[in-house]
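Engineer: Given only the sequences and the hints, what does the whole structure look like? Please build it.
Next come the chains, spelled out residue by residue.
Number of protein chains: 2
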Amino acid sequence: MNLSPETPPATTVSLADIKRAARRIATHVHRTNVATCQTLNRMVGHQLYFKCENLQRAGAFKFRGAVHAVSQLSPAQLARGVVTHSSGNHAQALALAAKTFGTSAHIVMPATASPVKRAAVEDYGGVVVECPPTLAAREETALAIQRETGAELVPPYDDPRIIAGQGTAAWEFLQQVPQLEIVIAPVGGGGLLSGTAIAASGIASGIRVLGAEPAGADDAWRSLASGHWVPQTDPRTIADGLLTSLGKLTWPIIQTHVSEILTVSETEIVNAMKLFWERTKLLIEPSSAVAVAAAMSESIRNLPRSMHIGVIISGGNVDLRRLPW
Amino acid sequence: MNLSPETPPATTVSLADIKRAARRIATHVHRTNVATCQTLNRMVGHQLYFKCENLQRAGAFKFRGAVHAVSQLSPAQLARGVVTHSSGNHAQALALAAKTFGTSAHIVMPATASPVKRAAVEDYGGVVVECPPTLAAREETALAIQRETGAELVPPYDDPRIIAGQGTAAWEFLQQVPQLEIVIAPVGGGGLLSGTAIAASGIASGIRVLGAEPAGADDAWRSLASGHWVPQTDPRTIADGLLTSLGKLTWPIIQTHVSEILTVSETEIVNAMKLFWERTKLLIEPSSAVAVAAAMSESIRNLPRSMHIGVIISGGNVDLRRLPW
Numbered sequence: 001m002n003l004s005p006e007t008p009p010a011t012t013v014s015l016a017d018i019k020r021a022a023r024r025i026a027t028h029v030h031r032t033n034v035a036t037c038q039t040l041n042r043m044v045g046h047q048l049y050f051k052c053e054n055l056q057r058a059g060a061f062k063f064r065g066a067v068h069a070v071s072q073l074s075p076a077q078l079a080r081g082v083v084t085h086s087s088g089n090h091a092q093a094l095a096l097a098a099k100t101f102g103t104s105a106h107i108v109m110p111a112t113a114s115p116v117k118r119a120a121v122e123d124y125g126g127v128v129v130e131c132p133p134t135l136a137a138r139e140e141t142a143l144a145i146q147r148e149t150g151a152e153l154v155p156p157y158d159d160p161r162i163i164a165g166q167g168t169a170a171w172e173f174l175q176q177v178p179q180l181e182i183v184i185a186p187v188g189g190g191g192l193l194s195g196t197a198i199a200a201s202g203i204a205s206g207i208r209v210l211g212a213e214p215a216g217a218d219d220a221w222r223s224l225a226s227g228h229w230v231p232q233t234d235p236r237t238i239a240d241g242l243l244t245s246l247g248k249l250t251w252p253i254i255q256t257h258v259s260e261i262l263t264v265s266e267t268e269i270v271n272a273m274k275l276f277w278e279r280t281k282l283l284i285e286p287s288s289a290v291a292v293a294a295a296m297s298e299s300i301r302n303l304p305r306s307m308h309i310g311v312i313i314s315g316g317n318v319d320l321r322r323l324p325w
Numbered sequence: 001m002n003l004s005p006e007t008p009p010a011t012t013v014s015l016a017d018i019k020r021a022a023r024r025i026a027t028h029v030h031r032t033n034v035a036t037c038q039t040l041n042r043m044v045g046h047q048l049y050f051k052c053e054n055l056q057r058a059g060a061f062k063f064r065g066a067v068h069a070v071s072q073l074s075p076a077q078l079a080r081g082v083v084t085h086s087s088g089n090h091a092q093a094l095a096l097a098a099k100t101f102g103t104s105a106h107i108v109m110p111a112t113a114s115p116v117k118r119a120a121v122e123d124y125g126g127v128v129v130e131c132p133p134t135l136a137a138r139e140e141t142a143l144a145i146q147r148e149t150g151a152e153l154v155p156p157y158d159d160p161r162i163i164a165g166q167g168t169a170a171w172e173f174l175q176q177v178p179q180l181e182i183v184i185a186p187v188g189g190g191g192l193l194s195g196t197a198i199a200a201s202g203i204a205s206g207i208r209v210l211g212a213e214p215a216g217a218d219d220a221w222r223s224l225a226s227g228h229w230v231p232q233t234d235p236r237t238i239a240d241g242l243l244t245s246l247g248k249l250t251w252p253i254i255q256t257h258v259s260e261i262l263t264v265s266e267t268e269i270v271n272a273m274k275l276f277w278e279r280t281k282l283l284i285e286p287s288s289a290v291a292v293a294a295a296m297s298e299s300i301r302n303l304p305r306s307m308h309i310g311v312i313i314s315g316g317n318v319d320l321r322r323l324p325w
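Protein sequence lines correspond, in order, to chains A and B.
Sequential numbering from 1 applies to the first sequence in our numbering.
Sequential numbering from 1 applies to the second sequence in our numbering.
All the given hints hold, so there is nothing to weed out.
Copies of one chain are not kept apart here, so a pair can be met inside one copy or by any two copies together.
Below, in silico cross-link-like pairs of lysine to any residue (SDA-like), each with a Cα-Cα straight-line distance of 25 Å or less: (1) Lys99 with Asn41; (2) Lys248 with Glu260; (3) Lys248 with Arg138; (4) Lys99 with Leu275; (5) Lys99 with Gly45; (6) Lys99 with Val44; (7) Lys19 with Glu152; (8) Lys99 with Thr39; (9) Lys99 with Gln47; (10) Lys99 with Arg42; (11) Lys19 with Gln179; (12) Lys274 with Asp240; (13) Lys274 with Glu122; (14) Lys99 with Met43; (15) Lys248 with Leu153; (16) Lys19 with Val34; (17) Lys99 with Arg279; (18) Lys99 with Thr27; (19) Lys99 with Pro155.
Worth flagging that the hints you see were computed from the coordinates, not collected in a lab.
Structural biologist: Dropping the structure here:
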């Protein structure tokens, strides 16, 4: 045995974990459709396939990870409930996952969170706990609830149960469209992208996995370019699901298995979102439009031959009163 | 034989015509998905099924009738092309149908038509011919093109080929969800509703077919209530696909086979449209929201037991820069 302290930590999630997760959550999640669009294909010169996680329960892929995490809790843990801090799709996903397993979810949200998102969490039976709008306040509040109730903390991405759960989307996608040569997923904290990368590279080493990131929140691009983890500071993008830094678990997975990060401008994001709505009649949120925009970017259009390209549509939770056009 | 002149004209379209149409257009149309939504089911206390013709080619059921009409033209007729006047979904549908069969389509549109709709027609290769924004000018211009080019006039609804084509949506729907007890379709000129009524009543006499109409354009409701054809005058509704009067062919079919017309207010239409977008992540146009609103109306909610109710989502062509909320 030669385990020096310098040995990098092993990838904590394997394809086998994702397959197990897929079986475990099969009765709880939707096997979402794959959409295609001839107009978009013509525009990019490739065959594009869209894995519609906007049609997933609670409106985003996040339900996969959340319900996978909750499904692994013991009866004693389930009796004490779950807790997280999030103002995004993870909040709704965990509330619904908790409801699915008959347990309670405390969701810590900043007092500034939109009433729409708050209502969505409460709709699924989640208990919203307000806190000041700082990361420190959110973490402290969640910790206090944990101490008080004994609830299990279910983080949004940096957790092997979550990564394995998110990876089930790509696992399903590659069963539905085995000819995929490239898979593009948006990257924020990296739960979806790392799960996708493990699934795709595990199934066929020839599949290239690309991340899609707003140029205004490009920590993953910087991290991959520099070869070391770069935190996200001062993100500026309408893709509100992609504001966070990569995690301690997700970063090494992405470094190992992701070929490239494609960055897109805010204009490209808004244009892709509007075009996608108009052409496919499917609502996608800005974070998903980042991946669509990447699939339509010059780097992809300029590939030397027509390819089968999969795009993971991460979610469709949009405030319809505040559209970016 | 006892065919007095008073004998009402025979229904000009039969279930057999619809089945033939379905076979004829099968390779050209999408077999659209049926969507369901647990939240909406809970809200109404029924099992709702949505036939997603917003995912049909050219974004609406109209393509079924248009491609069916064009598919029946002789080579000589195809050489001369087709013509219609429409500023709505029939315009795009006929342009794409013509393209599908390698012929030309002249589409007469009022000069006031939105640039978005005009561009969509041109995108499908249609030749847009502008005219003043009156019905008389539209008809004259179409007639002039017909005389000049020998093109075949393909009307938007009052034509047996069109009615049979539109009926294929319900025919497919009842194959996909055989347990349907009620089918609701929006009614404007009545092409979709009459085709739906013939298909549904032909398949099982016990299925109730209901029309859905804006209270601000309720000629079908008035016609059915009074027992004689009442023209639409001064319609006021955001459901721009439902402004027209019933046709000479569609009215007697609707009178014979449709149980009831449900009318809904503008507020109900807008609320249903927004709720449907939010919950299903599927874009529907106001005319489709009329049918959703009808399915959520008191008359349906108050039915004595939970039923299997199908709603035909007619289309998803929306100007995203001008949303009604």
